[in-house]
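K.L.:
This is what each chain is made of:
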Amino acid sequence: MKNRQLFQQVRILDPVSAIDQVSDILLEQGVITDIRDSIIPDDEQIEVIDGNNLILAPGLVDLYSSSGQPGYEERETLKSLAEASQAGGFTRVAILPNTNPVIDNPSLVTWIKQTTALSKTKFYIWGSLTQNLEGVTIAELANLAESGVIGFTDNRPHSNLQLIRKLLEYAQPFNLPVALVPINLQLRGNGVVRESNISIRLGLMGYPEIAETIAIASILEIVSLTKTPVHLMRISTARGVELIKQAKENHLPITASVNWHHLLLNTEIVASYNPNLRFEPPLATEIDRLALIKGIKNNVIDAIAVDHTPYTYEEKTVAFAQAPTGAIGLELVLPLLWENLVVTGELSPLELWRSLSVNPLKCLKKESITLQKGKPAELTLFSPQQTWQVTPSQLKSLSSNTYWLDKQLKGKIIAFPQ
Amino acid sequence: MTAIPWTRKHIISLEDFTIDEYNAVLTTTSSFKNVLQSRTKKVPALQGQVVANMFFEPSTRTRSSFELAAKRLSADILNFAPSSSSLTKGETILDTAKTYLAMGTNIMVIRHSHSGVPLNIALEMDKLKSGVSILNAGDGLHQHPSQGLLDLFTICSLLDEKNPQISLLKGKKIAIVGDILHSRVARSNINCLLAGGAQLHLAAPPTLLPYLFSETINHTYKDRLFLHWQLPPALENADFVMTLRLQKERMTDYLLPSLREYHQLFGITYDRLQLCQPNVKVLHPGPVNRGVEISSDLMDDPRFSLISDQVTNGVAVRMALLYLIGNSK
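The listed protein sequences correspond, in order, to chains A and B. Residue numbers for the first sequence follow my numbering, beginning at 1 and rising by one. Residue numbers for the second sequence follow my numbering, beginning at 1 and rising by one.
Worth double-checking, as some hints may not be accurate.
The calculated lysine-lysine pairs, modelled on DSS-like cross-linking and capped at a C-alpha distance of 27 Å, are [stated by the list, open to error]:
| # | chain 1 | residue 1 | chain 2 | residue 2 |
| --- | --- | --- | --- | --- |
| 1 | A | Lys407 | B | Lys42 |
| 2 | B | Lys172 | B | Lys127 |
| 3 | A | Lys396 | B | Lys127 |
| 4 | B | Lys127 | A | Lys410 |
| 5 | A | Lys407 | B | Lys9 |
By construction, these hints were calculated from the structure, which means they are not laboratory data.
Excised from the complex, chain A in its bound form:
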C-alpha cells in the first residue's frame, strides 16, 4: 500500500471552510498535505486516483445508532456495525445504551472501548440517564462520565417531568450532552401512525402531533430553568421545529436532530403496511417533512441522525402495529439523501454535509472534521452516479430491515486506504 495518495480533479466539499470545488488533493500518511488546483505527482510512490465524478468530503458522523452487541448479536455486532458504517461513509458512530445489559455502568463502557479499539470506525458511547433505562433511578452519571461516555440518553421518552428536571440538574457538572426523546406517552397512547386522515383510512391507531410538541414545550421550560444543554432527538413535526426555533432565538442551550427517514418519507407511504416503515415517532405529514428539511437548511435542526436500528427478519415480520420501531440506515443515508434532497436542490451539498458531519460533532461537543492542509485525512469518498441494489448480501449490516430492500439506489461510497 502506498502511503501517499493524490486525488486529481475531485469535487471537494468542506462545510467548515465553505468550500465546494474541484481540486487536486494530496494525502500523506493520513494527513492532508496539499490542496491545489493542480498537483503534479513528483515520484512513483504516489497513488494517483482519478477524481472525476467523485466527491471527497469529511467523514460522516452518526449522532446515534443502535448496536446489537452486547445482547442482540443476531441483529448486529460491533464488528458488523463498524463495517456498515464504513460502507456508508461514516467514520464515527455514537452508539445508544439500549443493549443488553444496558450501558449504565463503566465496566460495559470499558468493554466496548476495548472491543472496538482496533476498528477503523471510531465508536462513541452514549451512557444511560437512568439505571437499566427504567426511568426510575438516576444512573451513576459521574462514574459513566469518568469512563468516557460521549453523553447521556435513555433513548426513550420519560413521562415523569420531575425526573427530567432532576436529571438535568444532576447531569450539569459533567458538561456532557444530554439527549432526550420528546414524546408524551399518555398522549401517544397506542398510536402507531400519525393521526390524520391516513390513520383513519388505514385503521391504525393515531399518534397525535401534540404527543411530540407538548413534550418539547415541557422540556424547553425545564431547560430554561436548569440551563443544562439538551439535545432533542427525532423531531418529526413542523410545530416542533417552530418551538425549537423560538427556543434558540431565546438562547436556550438546545440542539436537535431528525431521523433521516422523516426527511424522505411521509405518512402516506404507510398504506403498504410495511413494518419497516414503523418509526417512533411515526412518519409525519408532507407539511412536516418540508418543515424538517427547512429546519436543516436554517440550522434549527442541527443534525440528521441515522438512528440505525437493526432487527431480524423474524422480529420485523409481524403486523405493522406489532412491529418494533426503527430501521437500518448507515449504508443508505448518503445515497438516498443525496439523490432525493441534493440532486433535487432542496439542500445544498454543504448543507447536507454540515448536518451529517460538522453538526453531529458540535452536538457531541467535539471538534469538526475539515479538509484543510495539515489536518488529519478523515474522509469519505462518494460516487453519486454509481448504482447498486440493496440486498442482504450487499449490505454489511447483519439486518436488512429497510423499506429500500431490493430497490436500486444511485450513489455509493468508494473504499480507499486511509
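Starting from the known structure of chain A, arrange chain B on it as the hints suggest.
P.N.:
Using the frame of chain A, we list chain B on its own:
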C-alpha cells in the same frame, strides 16, 4: 351461471371497488341466493380448489359463514386456528401463509386483529408469483369487505329483490350509528354506500367519530357525507339505520362515561325510529350488545330488523366473492 368479467385477484378493501365490481357481486350473490333456496343448495363451482380459512383472530360467525360458503361451492376447506398453530412456536405470519400455499391452497380467507396483515400476505404471495387469492375477512380497524358487501346486498335486494343494483341507493338516506372510529365494518360501509349514491349520515360522540373521517373519502362524495355528534339529525327521515357494536373497553380509554349514557344518547329504540321514514329498516353486523346499541325488543322485531337477513345473505355474498376471485382472469 352467467360469466361476469372479473379481474381482481385479492379483495382487501372496498376503497377502490368500481361500480361494475359492486354490481357483479350483487348479481352473483342473487344467483347464489337462489341456489341456497333450492333443494340441493350446492354447486360444483370451486370443485377441486382449496380454500384456507386463516383466522388469526378468533371468530365464530364470520368463519362459519365462510366455511359454509366454501362448502356450498364444493371447495375443500382448511381451517386454521391460532391457538393450535405454530405462531407460538416462532413462525411468522408469512411462514404460515407459505405453508398453506405449499399445500396447494387457492384462496386464503384471512382475519387478523391487526390492520394490514391480509395486504402483507397478498403482497408476499404476489412476490412469490403464487397465483393465490387473498380475501380479507376483517383486519384490525381497517376493512371488512365481505360484511360491507353483505350489508349492501341486504339493502339493495330489499329495494329490488329481482335485480339488486348499487344504483338503487341513489337518494336513500342511511345512518351509521356507533363506534365508527374503531369499526372496520363502518369503513367498508362508508366506501360502498357512498359509491352507490346514498346520503350517508354518521352519528357518534366526538370521541368515536373524529372529524378526520370527512377527509378520508373521495372528494366527489363530500356533499353526501354528513357527520353528527348527536343522533336525531342523523335519523331524521332515514331509510336505513346501521348500528355498530360497542366494545366495553371504550370506557377505560376515556372515550365514554358509561354504557348507560351511551344508550341514552345513541341507542336505537322504537321511540327514536319515529324520526325516520315509516318503513325504516335497522341493520347490525353482530354480535349485538342487547340494550346498548339497540333495544332488545327492536332487535327481534322483523318489521324493522334486518339482522337475520344479514346473516343469511352473508353466506350468499361470501359464495359470490369466493366464486369471483376463484375464477378471476
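K.L.:
Under the criterion that the straight-line Cα-Cα distance not exceed 27 Å, is the pair lysine 407 of chain A, lysine 9 of chain B satisfied?
P.N.:
holds, 25 Å
K.L.:
If you draw a straight line from the CA of lysine 172 of chain B to the CA of lysine 127 of chain B, is it 27 Å or shorter?
P.N.:
Violated. Lysine 172 of chain B to lysine 127 of chain B sits at ~42 Å, over the 27 Å cutoff.
K.L.:
Are the Cα positions of lysine 396 of chain A and lysine 127 of chain B separated by 27 Å at most?
P.N.:
holds, 25 Å
K.L.:
Regarding the pair lysine 127 of chain B and lysine 410 of chain A, is the alpha-carbon distance no greater than 27 Å?
P.N.:
holds, 24 Å
K.L.:
Checking one constraint from the list: CA of lysine 407 of chain A to CA of lysine 42 of chain B, max 27 Å. Satisfied?
P.N.:
Violated. Lysine 407 of chain A to lysine 42 of chain B sits at ~47 Å, over the 27 Å cutoff.
Hints 1, 2, counting from the list given before, are not met by this structure.
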